[in-house]
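Quick mapping for you: the protein sequence lines, in order, are chains A and B.
According to our numbering, the first sequence holds residues 38 to 218 in order.
According to our numbering, the second sequence holds residues 38 to 218 in order.
Keep in mind that a hint or two might mislead.
As the list claims (entries may be wrong) - Now the stretches of chain A that chain B is said to cover, found in silico as 3 or more residues with beta-carbon under 8 angstroms: (1) 67-80; (2) 88-102; (3) 105-116; (4) 146-156.
Stated by the list, open to error - Mimicking PhoX-like on lysine-lysine, the simulated pairs with C-alpha atoms at most 20 angstroms apart in a straight line are: (5) B:K138 <-> A:K157; (6) A:K157 <-> B:K157; (7) A:K199 <-> A:K217; (8) A:K130 <-> A:K64; (9) B:K46 <-> B:K134; (10) A:K134 <-> A:K46; (11) B:K157 <-> A:K138; (12) B:K130 <-> B:K199; (13) B:K216 <-> B:K199.
Hints in this document: simulated from the structure, not taken from any laboratory.
All of these numbers come straight from a predicted model, not from anything done at the bench.
For glycine and all other residues, C-beta sits at the position ideal for the given N, C-alpha and C.
Protein chains: 2
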Amino acid sequence: MNTKNPIEKMISLLNEQELWTRHLTLKRNEFLKVEGSVDVNLYMVEQGCIRIFVIDEYEEHTIRFGYANNLIAALDSFISEQPSDLYMQALRKSQLKVLAKDRFMGFVHNNDDAFELWYKVLESMVYQQMERERDILTSSPLDRYRRVFNRSPQLFQEVPDKYIASYLRMTPETLSRIKKS
Amino acid sequence: MNTKNPIEKMISLLNEQELWTRHLTLKRNEFLKVEGSVDVNLYMVEQGCIRIFVIDEYEEHTIRFGYANNLIAALDSFISEQPSDLYMQALRKSQLKVLAKDRFMGFVHNNDDAFELWYKVLESMVYQQMERERDILTSSPLDRYRRVFNRSPQLFQEVPDKYIASYLRMTPETLSRIKKS
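Here chain A stands alone, though its shape is the one from the complex (with noise of 0.2 angstroms):
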């Protein structure tokens, strides 16, 4: 199963129907949201890189990134319309479209092939949330590595080491080790 290709039939949707209400361009380091804030958008990433990421006692987890052509969400704060603690962040000079929710949802719930379509994006999105869990677990860092490349290839060209380090939690002079080996 190719679970990305119902995001990528629902992006080609979004577009066709121009359903995407503006753009917006982030500066490098620039916050899109913060901790305790609520975001209910959808964003479609035009250029650039965006980091969402936790901070606990200090430290920050790095949970995702949404690079060129992919959607990106603050997830929770999206279903549950209540703030979260994620924030988002621009990892260079970031070009976004936005689609707010309660129009993205009039859309979806007026369109059956779009209905459809969203219900396999969800599911996608537990699949992939599941293989994030198995990530994590993942005791060998190299194995780590191994299986969110071999997943994720394009992540290695788009986000600078330091942040693919903290995602696969791990220092940046033990992914700079595996890199090499």
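Place chain B on chain A using the hints.
Structure of chain B alone, referenced to chain A:
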């Protein structure tokens, strides 16, 4: 938001419609699924407790529990219809109701209310998986314990401490110390 609500509603609906195809009784320690197998069933736990885990370099990582009146599935295999490395095992004598995916999806696609509910179930699964990811990434064992205890107090009634400790990624000794304090 009560993310459990759609799951409870789905169970009621499946009961009302008498959609379950069979009952299954598992002895204590009996396996429902092992690594490398496909499992595309939904299970509803009537009595007992099921643990889902993976084995990583001889270490077990507990990733989910299903206890009375909960739905449980090997979600990765259920979604992809491919083999997965999850194990499912009864922690004590357990009684389950079983529903195969093709029957379930047939029902969901022919019933607008059920489809709407299934999409809400998927949303709440994404939300719960994000909570789980945040749990695992929480550095302090005490904070991990508190997060899970506040969200799922029933877990601590249903599951032996040994497995709760595995789920919380701490030693049984650390869990015992936290519970006494």
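Go through the numbered hints given earlier and state which of them the structure violates, listing their numbers in rising order. When the structure is compared with the hints, only number 1 turns out to be violated.
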